[in-house]
Structures are given as C-alpha cells and as structure tokens.
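Assemble chain B onto chain A, guided by the hints.
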Amino acid sequence: MDKIKGYKRADGKIGIRNHMLVIPSVICAAHVAESIARNVPGAVFIANQYGCGQMGKDFEQTFRTLAGIGRNPNVGAVLVVGLGCELLRPEKLAHEIAESKKPVEMITIQNEGGTSAAIKKGTAIVERLTETLRLLHDESCPVSELILGLECGGSDSTSGLASNPAVGYATDLLIKAGGSAILTETPEMIGAEHILAKRAVNASVAEKLLSVVNAFEQKVFDEGCDIRGTQPCPGNMAGGITTIEEKSLGCAFKAGTNTIQDVIMYGEPVRAQGLTIMDAPGHDVQSMIGMLASGAQVVVFTTGRGNPCGTPIAPVVKVTGNRETYLNMKENTDVYVGDLIHSGSTLEDEGRKVYDTILRVCNGELTASEKFGHREFGIWRIATTI
Amino acid sequence: VKVISLEGALILDPKDTVATATVTLDAGKEIGYVVGGQERKITIIQDIPAGHKFALQDMHPGDNLYKYGEIIGKAFVEIRSGEHVHVHNVESLRGRGDLS
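The listed protein sequences correspond, in order, to chains A and B.
With the working numbering applied, the first sequence has no gaps in its numbers, which climb one by one up to 399 at the end.
With the working numbering applied, the second sequence has no gaps in its numbers, which climb one by one up to 101 at the end.
Do not rely on the hints blindly, as some may be mistaken.
[As the list claims (entries may be wrong)] Listed next, the stretches of chain A that the computed footprint assigns to chain B, with coverage defined by at least 3 CB atoms under 8 Å from CB atoms of chain B: (1) 239-246; (2) 370-377.
[Stated by the list, open to error] Restricting the straight-line Cα-Cα distance to at most 25 Å, the calculated cross-link-like pairs of lysine-lysine (DSS-like) are: (3) Lys189(A) with Lys21(A); (4) Lys134(A) with Lys105(A); (5) Lys343(A) with Lys366(A); (6) Lys75(B) with Lys42(B); (7) Lys18(A) with Lys384(A); (8) Lys3(B) with Lys211(A); (9) Lys366(A) with Lys75(B); (10) Lys75(B) with Lys232(A); (11) Lys366(A) with Lys384(A); (12) Lys189(A) with Lys3(B); (13) Lys18(A) with Lys366(A); (14) Lys211(A) with Lys16(B); (15) Lys189(A) with Lys366(A); (16) Lys189(A) with Lys16(A); (17) Lys366(A) with Lys16(A).
[Stated by the list, open to error] Away from chain A, derived, C-beta distances all over 10 Å, residues of chain B: (18) Pro15; (19) Lys30; (20) Pro50.
It is worth saying that the hints were derived from the structure and are not from the lab.
Computed from a predicted structure; not experimentally measured.
Beta carbons are placed, not taken as given, at the ideal position from N, Cα and C, and that holds for glycine.
Bound conformation, chain A alone:
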C-alpha cells in the first residue's frame, strides 16, 4: 500500500502538515489573533468574522466549523483568542478542540486588559507551543488515513471533459487504497442528483442526498430568483457552460465511480470510509473550509478559468484541463491534464498524475497556493445576524 509522511496525533489521526493555529472566537478578537500569529514564524490564523449575534442552527454551524478546524489533524496546537463577552464561548471552543488531545490554550482580551497585553501574552504562548511542534517528526503512515476534499472553482467546459474526470480517477485510486473523499457544493448537484443517488449505499443515504439538493433548490425558489448568473456564474458561461444541469453533470465526475456511503452536515466529522457527501454551498472557500472542519487533510481543486485560493491549514492541489489557463496562470496551477482533450492521453495517465501529485504534496511538497501564502477562510452562514 502507498505510504505518506504524516504527523501521528494523540487521537490517532494523521496530519500532513503541522500547523500552529490561532483562532479568534469572535470577530472582535481577529486583530489580536492575527497580530499574535504574525509575531511567530510559522503560526497561522483564521479570519473568523462571526461568533456573536448568531442563533440556533447557524450558531451551531459556526461553532462546529471552528471546532472542526481546530481538531483537524493538520493542526498540531491551538491558541483560542476571545474577547470575553461573546456568544461563542472561547473556553468552550478550546475545550471542544482539546478533545482531540492536542495542546490547546485560551486567552481573552478583556481578561488580559486590552490589545497590547493580549498580544504579548498570546505571542508568548504561541512561541512555547510552536517549540513543542518542532520536536515532532513526520513518519510513514498508510494512505488509507487520508480524507481528500473535492472542490471545483471557476469551472468551464474543460472541467467536465478533463480535470474532473482525472480527479475522479484519482479519487477512485485513493478509495481503493482504503482512503476517503468528500464531494460537496450541493447546488452543483442540481441536475445530476439522480445519477449520484443511484450510487448511494442504501435508500436512506439516497433520500438524504436528494433532500439536501432539493433544500438548496427550494432556497432559489423562495428567493424568486433565476439561478442562472449565480450558477453558472459569468466565468462559467464565458467558458462554455450554459446551465446548472450541465455544470453539475461535469462536477460530479470528481467523485469517481465509488459508492456514496454517507451524507453529512457542513463541518460534521466524516464517519464513513470511502465517499461521503457534505452539504455546502458552491462558494469555493466556504465549501473547502467545511471539508477541513469535517476532517479532510488535503483538497484537490479543479479549475477551468484559473483560481489562486488556498486554505489556512491544508494544501490545495490545483488541476486544470484548460491549456490557455494553464499557460496564463501556470504559477497557480499544480497539475495540467489537458492532454486528455488535446493529445489523446488516457484517463488513467492523467488520473495517476493527479494521484501522484496528491501523494507528493502529502509528503511535504508545497502547492502553488501554499507557496503564495493563500490562506482564504470563510464559514457558510445559514441565518441572519441578530
């Protein structure tokens, strides 16, 4: 079986990166959290905009996402920075993340007595935690421990012809080796859900899949909007995609041919080995963050028009089948699979190229988005701020 280099965490999970993460539990703590992370080389922070003025399922989803990002095995240690009075309790978030048995500490700005004192205290904590991370060594781990997040952004007609099928081949290889993958972006299943539902492991998973897709389409009906213009977006259309049905059919190839084992909520931990569907919007950054909160250690991202985005804690492998885009945005691209369209190479050739790149990235090779320091962050909100 293929092996990767990984960091064995105390909860048994395998990380392929070893990040020191600073999480603001509320937007009011974001500047302090960012300042702390900037003070310590290697530390990263997430630009959480929420944590207050939320309610119900929307609040639960924000909490679940932040906790999941903290628990992600690519994260070796965490500092939670709170303001002190917020709805999203920083001590509760720290406690939830500490269930993964990694070092977690917490400070609040009100408790420390202001911005400068909080930055000073937080910086000292992060320096100490970073030192403990440096002592960890990566070791040989089975590839079956991998959860691969599947993403597409800036799709065009080459996405359905080349990059998504090539990624699908790689997904099948990973699942055959005992690994797992997450397919998401629920609105981009509209028009392809009948095909995906046939691949569900049982009737209840099929029903759940259809219900999350219907719920998204219902939101479009409730708004009285025509989905066109949003899905497909102007770039998709310029690239030859005419309707959401056409886009969805192309998107679904990313998930290969495997059985769909489970359907989970946004940011909910992956339960099944194999292929899982996560309910999330087609917003690339929000859907990637949801998959990382669900436990994915690496994302593969297909694009037709070109896309630079990364994430704060996991590498994103960019794949394109569009020759012009590859030449135009080479510095943002990790794998070119356009030979599938233009030079008669096989799906197996291009799929293996994607799979091998994913393994090299897991072994430490930096992706284009990592080299540029792309660390976009966003959480899917499902209710109004109050």
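Just chain B now, kept in the frame of chain A:
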C-alpha cells in the same frame, strides 16, 4: 468510453444532441463522424469558440438538450444543426425561482 472524438470536437454520449468544440471552429467547416454505426456529417454554420457547444440536429422551442447522455436544459428558440448552442438559445429547467 462512450465519448465520440470528432475533428476539433467531442460528443460525450451517443444520445447527445450537442457536441463540444475543443478548438475554435470556423463557420463552414464540415465534420464527419460515426455514431451507433452510422456515418454522419455536420456543417458548422457559426463560429464556435473553443469549449462551446454546437447543435448536432435541428431543435425546436421546448426540445430537451442532451450532453453526457443527460438533459442539460431546453431550447427556447429554433436551433439549426451546426449552430452555436448557449445561453442565447437554451435555458435551465432547474433552479428557476423566477418561474415559481
């Protein structure tokens, strides 16, 4: 496996009523291909940008369009064989809150 390769275009399933140009195709170009054992010929009647679709047959308003062997929308005006097929003559059947 079901893909039919044309000179400068792909048909993704034998059921399809559109093909996708893989390079820019000029109006007037004739392309021969075989589907289901039958030889056919299509004449491109409009310039087709790379990555865009053209009709493999005449279509009428309300006709469903097939790509990947699946329905991707419907024609809302007459579409002639070899014509550029896109948002100006095809609409989504799904996510149409404007109609509900």
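Against the structure, the hints come out as follows:
Under the rule that three or more residues need a Cβ within less than 8 Å of chain B, the assignment of the stretch 239-246 of chain A holds, with 4 such residues. For the stretch 370-377 of chain A, the proposed coverage by chain B is not satisfied: 0 residues have a C-beta within less than 8 Å of a C-beta in that chain, short of the threshold of three. At most 25 Å may separate the alpha-carbon atoms for a hinted pair to count; Lys189(A) and Lys21(A) meet this at roughly 22 Å. The hinted pair formed by Lys134(A) and Lys105(A) meets the criterion: a straight-line CA distance of about 20 Å does not exceed 25 Å.
For the suggested pair Lys343(A) and Lys366(A), the alpha carbons sit about 16 Å apart, so the restraint of at most 25 Å is met. Annotation: proposed proximity of Lys75(B) to Lys42(B) holds, straight-line Cα distance about 24 Å (limit 25 Å). For the hint pairing Lys18(A) with Lys384(A), the CA-to-CA distance comes to about 19 Å; that is within 25 Å, so the pair holds. For the proposed pair Lys3(B) and Lys211(A), the alpha carbon gap of about 19 Å is at most 25 Å, so the pair holds.
Taken as a hint, the Lys366(A) and Lys75(B) pair is broken in the structure, with Cα atoms around 37 Å apart against an allowance of 25 Å. Note on Lys75(B) and Lys232(A): the hinted pairing holds, with a Cα-Cα distance of about 22 Å set against a maximum of 25 Å. With a CA separation close to 20 Å, the supplied pair Lys366(A) and Lys384(A) stays within the 25 Å bound. Our distance criterion of 25 Å between C-alpha atoms is met by Lys189(A) and Lys3(B), whose separation comes to about 24 Å.
Restraint check for Lys18(A) and Lys366(A): the C-alpha separation of about 19 Å stays at or below 25 Å, so the hint holds. A threshold of 25 Å between alpha carbons decides the hint, and for Lys211(A) with Lys16(B) the separation of about 20 Å falls inside it, so the pair holds. A distance of roughly 16 Å separates the Cα atoms of Lys189(A) and Lys366(A); the hinted pair therefore holds under the 25 Å criterion. Of the supplied pair hints, the one linking Lys189(A) and Lys16(A) holds, its CA atoms being roughly 14 Å apart against a limit of 25 Å.
Of the supplied pair hints, the one linking Lys366(A) and Lys16(A) holds, its CA atoms being roughly 17 Å apart against a limit of 25 Å. Separation of Pro15(B) from chain A is adequate, the least Cβ-Cβ distance of about 16 Å exceeding the 10 Å criterion. For Lys30(B), the shortest C-beta to C-beta distance to chain A comes to about 18 Å, beyond the 10 Å cut-off, and the non-interface label holds. With a least beta-carbon separation of about 7 Å from chain A, Pro50(B) fails to lie farther than 10 Å from that chain, contradicting its non-interface assignment.
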